[in-house]
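S.K.: Chain order of the listed sequences is A and B.
With numbering that gives the first Met the number 0, the residue at position 111 of the first sequence is 110, and numbering never jumps.
With numbering that gives the first Met the number 0, the residue at position 108 of the second sequence is 107, and numbering never jumps.
No lab work stands behind these hints: they were computed from the structure.
Check the hints yourself; a few may be wrong.
Think about it this way: if two alpha-carbon atoms lie no more than 27 Å apart in a straight line, the pair counts; the simulated DSS-like pairs of lysine-lysine are [to be verified]:
| no. | chain 1 | residue 1 | chain 2 | residue 2 |
| --- | --- | --- | --- | --- |
| 1 | B | LYS110 | A | LYS167 |
| 2 | B | LYS61 | B | LYS2 |
| 3 | B | LYS65 | A | LYS101 |
| 4 | B | LYS2 | A | LYS167 |
| 5 | B | LYS61 | B | LYS72 |
| 6 | B | LYS87 | A | LYS102 |
| 7 | B | LYS93 | B | LYS70 |
| 8 | B | LYS110 | B | LYS93 |
| 9 | B | LYS110 | A | LYS102 |
| 10 | B | LYS87 | A | LYS159 |
| 11 | A | LYS167 | A | LYS3 |
| 12 | B | LYS65 | B | LYS87 |
| 13 | B | LYS93 | A | LYS101 |
| 14 | B | LYS1 | A | LYS159 |
| 15 | B | LYS94 | B | LYS110 |
A quick note: this is a predicted structure, and the numbers were derived from the prediction, not measured.
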Amino acid sequence: MRDKKNSQRVALLGIMGALALALSFLESLIPALPGLPPGAKPGLSNIVTMFMASSFSVADAFFITVLKAVFAGVTRGTTAMLMSASGGILSTAAACVLLRSKKINLGYIGIGIICAVCHNIGQLMSACLISGTWSLIFGYGPLLLIFAVATGFVTGTMLKLVLPALGKIMNRL
Amino acid sequence: MKKLFMRADFIVILTVIILSILLFIPNLFNNSTLTAQIYVDGEVVEEINLQEVEKSYTLTPKNGTKITVEKGKICFSDAHCKDELCIKSGWLSKKGQTAACLPERVVVSIKGTDKTDMMTY
């Protein structure tokens with residue numbers, strides 16, 4: 000029985016990991032939007048980490064985050080890996096706290112926005128550290144925050160939409 | 000099961016927007032001077048504060064190469080080389096922008112290190 004549970008978990012982690020990587024690859028195809036810093040993306044793979052944080056365990060959510068960072072490192076280089084890891088770890092931590100706590104009265108949109116904001120803050124901080132220019136906070140910060148509201152709105156809504164369907168599959172296991 | 004949207008979410012959105020406005024305020028005061036430097040043969044021959052330019056005028060730093068200066072911007076306006084790449088560079092108005100006329104070794108560059116090219120992430 001325990002073996003069956005374990006292999007189910009491994010298989011699901013594999014599927015979810017592949018989904019997160021496919022979504023982040025899909026995003027990288029979107030051309031740079033004018034007015035936004037290059038690299039600003041909708042963060043669709045955040046849906047996967049948020050789902051993992053809400054329906055699986057904290058460890059599994061962080062596993063997906065680390066997998067994404069390694070994938071970014073292999074395909075786009077060390078800088079991309081640091082950017083992905085710094086943003087990903089901060090936003091996954093936020094997702095774990097917000098989605099797993101029963102006391103927090105936030106809807107999915109609010110949680111999505113906070114996660115996106117955390118992701119962008121983490122990336123901005125590491126961008127400042129890498130380039131050594133702290134003025135980036137004022138140059139890019141405002142835009143990134145507004146952008147995070149929009150992307151968090153989208154990811155939060157999508158998470159709410161896919162959760163019932165995914166929940167059905169989970170129950171059948 | 001959590002709801003899609005709650006009143007607290009509205010507060011989150013407002014907080015983030017207010018935060019971004021607060022972060023934007025320093026940019027309004029950050030109008031540090033826009034200085035153009037003209038290099039001939041690798042040496043600075045002229046420094047112009049572009050914000051203090053009242054009327055547009057033309058400089059001729061080296062035979063036939065003309066540079067037009069206007070309030071807040073500067074460009075190559077005439078050259079006697081074939082490709083005229085310096086003219087095609089157009090108006091320079093932001094920190095870090097550079098146009099160069101290589102045949103005559105004339106370079107126009109706007110001083111400032113603020114502009115950082117962000118790597119893709």
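S.K.: Does B/LYS72 sit within 27 Å of B/LYS61, going by the straight-line distance between their CA atoms?
M.R.: This hinted pair holds, its Cα atoms lying about 20 Å apart.
S.K.: Holds or violated: are the alpha carbons of B/LYS65 and A/LYS101 at most 27 Å from each other?
M.R.: Between B/LYS65 and A/LYS101 the Cα gap is close to 70 Å, so the pair fails against 27 Å, i.e. violated.
S.K.: Given the hinted pair B/LYS93 and B/LYS70, is their alpha-carbon gap at most 27 Å?
M.R.: 12 Å, holds
S.K.: Need the status of pair B/LYS65, B/LYS87: alpha-carbon distance at most 27 Å?
M.R.: 13 Å, holds
S.K.: So if I understand the rule, the pair passes when the alpha-carbon distance is 27 Å or less; does B/LYS110 with A/LYS102 pass?
M.R.: 53 Å, violated
S.K.: Is the hinted pair B/LYS1 and A/LYS159 satisfied, with a Cα-Cα distance of at most 27 Å?
M.R.: At roughly 9 Å apart (the allowed maximum being 27 Å), A/LYS159 and B/LYS1 satisfy the hint.
S.K.: Does B/LYS87 pair with A/LYS102 here, judged by a C-alpha cut-off of 27 Å?
M.R.: This hinted pair is violated, its Cα atoms lying about 61 Å apart.
S.K.: Does the structure keep B/LYS110 and A/LYS167 at a Cα separation of 27 Å or less?
M.R.: 61 Å, violated
S.K.: Starting from B/LYS87, check that the Cα of A/LYS159 is at most 27 Å away, please.
M.R.: 51 Å, violated
S.K.: Do the alpha carbons of B/LYS2 and A/LYS167 lie within 27 Å of each other, as the hint requires?
M.R.: Roughly 18 Å separates the two Cα atoms, so the pair holds.
S.K.: Quickly compare the C-alpha distance for B/LYS110 and B/LYS93 to 27 Å and report which way the hint goes.
M.R.: 9 Å, holds
S.K.: Could you grab the alpha-carbon distance between B/LYS61 and B/LYS2 and see if it respects the 27 Å cut-off?
M.R.: Violated. B/LYS61 to B/LYS2 sits at ~70 Å, over the 27 Å cutoff.
The structure does not agree with the numbered hints 1, 2, 3, 6, 9, 10, 13 stated previously, though it agrees with the rest.
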